[in-house]
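Q: Spelled out from the first residue to the last, the chains are:
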Amino acid sequence: MPTSVADVETILAIDLGSVFTRAALFDVVNGQYHFIASASAPTTVNAPFRDVSESVHVALDQLAEITGRKFADEEHRLILPSQSDNSGVDRLVVTYSCGPELRIAVAGLLSDVSLESARHLVETLFGRVVEAIGLNDRRRSEAQLDAVIKARPDLVILAGGTEGGASRSIAKLVELLIMVCRLLPQDKRPTVLYAGNQALAAKVKEVLSKWTTTYTTLNIRPTIDDEDLEPARTTLNQVIGGIRMRQVGGLERLAASSSVAPLPFSYAFGRMIRFIGRVSESSKGVLGIDLGASHTLFAAVEEEKQYLKMLPLGMGRGIVNLLNESPLENVMQWLPMHVAPEVVRDYLWNKSLYPSTIPLTQESLAIEQSAARHILRLATQKLMTDYPGFYPAFEPIVVSGSMFSHAPNAAQALLLLLDGVQPVGISTVILDPYHLLASLGAIAQVNAIAAVQLLESNAFLNLGTIICPISTAKYGTPVLRVRIEYEKGSPNQLEVRQGSVVSLPLQPFQTANVHLDALHHSEIDPLFGKRSGSFKIVGGVCGAVIDARGRPLVLPKDAARRRELIKKWRAALGG
Amino acid sequence: MTYAVTHFTPLTYLRRARLLPVAGRVQVRQGQRVIATDVIASADLNNEHLFIDVRRALHLARAEQAEALIEYKVGDKLQAGDIIAQTGGLFKRIVRAPVDGVIVAISKGQVTLEVPKTPFDLLAGMEGVVIEVIPERGAILETHGALVQGIWGNDKIAQGVLLPLAESPEDALTVDRLDVSMRGGVVLAGTCSSAEALKTAGDLPLRGLILGSMTADLIPLAMNASYAIVLTEGFGLMGMNSQAFRILATNEKRDVCLNAGGYDPFAGERPEVIIPLPAQGKAAAEVSELKPGLSVRLLSAPYHGKIGTLLELLPGLTELSNQLRVPAARIRLENETLVSVPVMNLDVLE
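Protein chains in written order, with the working numbering: chain C, 10 to 584; chain D, 1240 to 1589.
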């Protein structure tokens, strides 16, 4: 691993998404790593191609056109390492989220203990629980066996037994899995990941390896009260790599040239959020959000706690889950104009059929943005339910996904976050416009200095500082007194009322001191119980924004009033 | 960049693989003619299993003792009442097969019996000839005819006579337009927003329904329909694209095969309407470069389902009326209107 910029390396990152394949180039300019350029092409993982190589070639051709650098030789092989004629690259890293959704069966002891932890582990990746077997299961053993066979899982996660705890029940589950393997042809047997009582790990591996590929990892539920997914996630990453190499055409060839084994997108993304957490000066933790086509990923780190949740809700095929699980009114409440419910419903169903299409009109863009707001809301609520300690009070918050990066302007991207996630306290919102975060997570494995320098480079966009006080005051009541002192010029004073969004005039990179006094029992930063204080803030492309709409944000029931407010909030940010 | 092509073709050569997800029994032979509803292969996907604990039933201490008494081996077929194992002596104990089945495992003094249930039948989904049998998995079929690919289907397969009910691609399917003379047929209409119409179509019953679009509130009803439904455009009230409508409307009274399977982009499976024709077609390209002169379909409102010709790929990014900036193309629609739309909203046709 390089330890200084003297070990200069040109790095190519390829991200194989479910809709787009992205290629990004990083190089050293004036002694610092910089993001040079990126290019994308529709991913060719699906039929008739069934091989990602085509989309990688197209993305690299585009990148070559943009940068003037040659990446592949005459036989379309990546030039590694870089040559004296400035062609090729020194490092290749690959991340992926494409391919069919993984089918995963979970087996464990108690449904609200080990099985719950196994489900949490599944929720960190692009997969779906297709069957669950546990002690509380009232079905006969035969019915459980048939259920697993019918579910056709790619992977079984076997958990259960606290350290030094149950072993007979685990043995019974192992016997069931052996029977599943006996009855299935070799090429249809699921891979097994054992993440239970460590006293049995060696024996479980010995017995199950005779039948199928078996991995073991540390116990995800070492005690009744403690869940520890991290070691299992690292092993799971290898397990999924093995499955994906078989499923995704062209991935194995890319892996052969890659400096590290290709990483699942969610793993690399979470890794980068942890990395930011380590280098960040803030003590509030870091939140990263990727709103994708099939899934929405939330990754957060807060002191010693880590959260990673990949929900099957997205702006492409993931819309079907949104429509099936949530009343349409919850999406429609965010619309700034009247649109008939059947139009919204049909538009969103069509979006699931044609996930890569782009909205052409104001109305269709508004429908997509409303769906995105509701997805972010559901994801935040899910995290708050699953992890009672989780509260959206982080600094910074990093967002990625085309709904953010391709918004008509930065203000709309920022408002999307404020409406959907409803963060609290003071934070900075950073946009990942080139979808690089996961790639940097992979780069950090081979060149940590590059990852640090790229974080501070031109690759990310500061949308602005957000100040989100908490108040239960009535609409229109003053909740915050603000005094802004700039480095030059006279200070500004204003009073912010409940229900409003206020933009503070601040140029990008301009710093200012803000003194805040909370009024009417409001709190500036509920985590620290602060009611007044001075803070140094830095302007982003949206300046700084005070969101005094309360938490949770309750929209008026009256449709006309609600739409008027939504337009007003948008206008306040100049969006 | 090459794009996957959607086919609305009046005459083509079609070759389709019909394969089981697991090993099974192939029911056709090379050279055999099949229709859409013929079974190509069957698999025991629905079989159930029964554990028979011989050791416990015979009150034995060790599994080996039980296994020594089991009178059958793995693979043996049993009938209900057959003696699986018995002890000797005056008061002998007997374990019998409770149902018909096949022994699939003997382990730890326990017999696992596979109990046959209705097998999963893989249907042909099209009329044609079996040109190759894939042992234990299925077959490759071929035919010549018209092909209209859909975007959504209700997971049914049907074959019947095509009855164009619609006079134009926008004509709606309504209850009053359905009558008993359509029984057993495959009806063509532009749109449907009527639950009553879908129910009536099931009561007649129709064998199939080909629509441009249907409102999404009808999805649950459509999924439960006894007949096959294929949508060519999607959800809403968009008429069928003119190219697909023309092909279907000109094949009135011909036998039409509906393979209304779900859309699986990874596997490349999508709903299809196939009309076998007594003529020789050529295989259509599966992918195409995006270039001027191509016939394209527009995939989002307000032009959803419109067909046009790609005139040029616009340089750089184009700003849309909603301020989004995207790579776009200039398209001449069939009514000669010129529009600029995002490249990602184009479906290449052949």
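These are calculated hints, taken from the structure and not from any lab test. Backbone N, C-alpha and C define an ideal beta-carbon position, used for all residues, glycine too. Treat the hints with care, since some could be wrong.
[Unchecked claim] So these bits of chain D aren't anywhere near chain C, every CB distance computed over 12 Å:
#1 I1274
#2 L1284
#3 G1473
#4 V1578
[Unchecked claim] Derived DMTMM-like pairs: lysine to aspartate or glutamate, alpha-carbon spacing no greater than 25 Å straight-line:
#5 K1530/D / D1494/D
#6 K1347/D / D1415/D
#7 K219/C / D1586/D
#8 K1356/D / E372/C
#9 K181/C / E1303/D
#10 K1438/D / D1415/D
#11 K181/C / D1292/D
#12 K1356/D / E172/C
#13 K1356/D / E1371/D
#14 K545/C / E573/C
#15 K219/C / D1415/D
Q: A separate judgement is required for each hint: does it hold in the structure or not?
A: Results of checking the hints against the structure:
With a least CB separation of 25 Å from chain C, I1274/D remains clear of the 12 Å interface cut-off, as annotated. At roughly 7 Å from the closest C-beta of chain C, the C-beta of L1284/D falls inside 12 Å, breaking its exclusion from the interface. Residue placement check: G1473/D does not keep its beta carbon more than 12 Å from all beta carbons of chain C (closest about 4 Å). Here V1578/D does not stay apart from chain C, with its beta-carbon only about 9 Å from theirs, under the 12 Å limit.
Of the supplied pair hints, the one linking K1530/D and D1494/D is violated, its CA atoms being roughly 36 Å apart against a limit of 25 Å. Only pairs whose Cα atoms come within 25 Å are accepted, and K1347/D paired with D1415/D is rejected, the gap being roughly 66 Å. Annotation: proposed proximity of K219/C to D1586/D is violated, straight-line Cα distance about 49 Å (limit 25 Å). Our distance criterion of 25 Å between C-alpha atoms is broken by K1356/D and E372/C, whose separation comes to about 52 Å.
Using a Cα cut-off of 25 Å, the hinted pair K181/C and E1303/D holds, with the two alpha carbons roughly 19 Å apart. At roughly 12 Å between alpha-carbon atoms, K1438/D and D1415/D fall within 25 Å of each other, so this suggested pair holds. Straight-line distance between C-alpha atoms of K181/C and D1292/D comes to about 14 Å, which keeps the hinted pair within the 25 Å bound. With a C-alpha separation of about 42 Å, the suggested pairing of K1356/D with E172/C is violated against the 25 Å cut-off.
A distance of roughly 28 Å separates the Cα atoms of K1356/D and E1371/D; the hinted pair therefore is violated under the 25 Å criterion. About 33 Å separates the Cα atoms of K545/C and E573/C, which puts this hinted pair outside 25 Å; it is violated. Distance check on the hinted pair: K219/C and D1415/D sit about 64 Å apart at the alpha-carbon level, beyond 25 Å; violated.
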